[in-house]
Amino acid sequence: MIKVVVLPADPSLPVRLIDHDETSLTADQALVGGLIEGIDLVDPHARLYVRETGKIDNLPLNGRATLLAWVHAPQLRALDVIAGDAYLTGPSRRSRNTDTPAALLAALTGTAPVHVHVHVPPPSHLDHRHGKNRHELRRTVRLLHHRPARS
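The opening residue of the sequence shown carries number 20 in the numbering used here; numbering runs sequentially from there.
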């Protein structure tokens, strides 16, 4: 079992940490509701799993997973979005996933401060099928960047 972070597409649902059987493809697919596709992230190294057909199936934009991908997978920055639920693991070792890196775990569960600076491109750079969601993505970025006032 490994520790993974589940990132629901529905922004009203919380990010959650679960124990996951990394040897079960069925369990992997259950987390995203279909065939999975892995995206390698850097700094820290991790792997984001998404539903392979999320955009084709017109699943809702996953602002949290998209932002995570844009920050940690430069090849996707402002060029693609994540649709549907996603989950995060550590890097693959010996063909097996590992626990989610502590730094990402702390940032995603709110136990560490996060500073985000994002440039959202003009609409022409986003997939036209999800262009209508760019405003939702900007709102997600603002919400993630908002820091509560200190008392």
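Incorrect hints may appear among the rest.
Said to hold, decoys possible - Okay, the calculated beta carbon distance ranges per label pair:
no., residue 1, residue 2, range
1, Arg115, Leu54, 17 to 27 Å
2, Met20, Arg96, 28 to 38 Å
3, Met20, Gly57, 31 to 41 Å
4, Gly129, Ile21, 33 to 43 Å
5, Leu36, Gly57, 32 to 42 Å
6, Pro30, Ser114, 30 to 40 Å
7, Asp76, Thr45, 12 to 22 Å
8, Pro79, Arg113, 31 to 41 Å
9, Arg113, Pro30, 33 to 43 Å
10, Ala125, Met20, 33 to 43 Å
11, Ala125, Asn77, 11 to 21 Å
Derived by calculation from the structure, the hints in this document are not laboratory data. Everything numeric in this text was worked out from a predicted model, so none of it was measured. Each residue gets a CB set at the ideal place from its N, CA and C atoms; glycine is no exception.
Hint check results:
1. Arg115 - Leu54: 17 to 27 Å: holds, 19 Å
2. Met20 - Arg96: 28 to 38 Å: Hint holds: Cβ distance 32 Å, inside 28 to 38 Å.
3. Met20 - Gly57: 31 to 41 Å: violated, 19 Å
4. Gly129 - Ile21: 33 to 43 Å: violated, 21 Å
5. Leu36 - Gly57: 32 to 42 Å: The hint (32 to 42 Å, Cβ to Cβ) is violated, given that leucine 36 and glycine 57 are roughly 19 Å apart.
6. Pro30 - Ser114: 30 to 40 Å: holds, 33 Å
7. Asp76 - Thr45: 12 to 22 Å: holds, 19 Å
8. Pro79 - Arg113: 31 to 41 Å: holds, 35 Å
9. Arg113 - Pro30: 33 to 43 Å: Since arginine 113 and proline 30 have Cβ atoms about 35 Å apart, the given range 33 to 43 Å holds.
10. Ala125 - Met20: 33 to 43 Å: With a Cβ separation near 20 Å, alanine 125 and methionine 20 fall outside 33 to 43 Å, so the hint is violated.
11. Ala125 - Asn77: 11 to 21 Å: violated, 33 Å
Violated hints for the displayed structure, listed by number in ascending order: 3, 4, 5, 10, 11.
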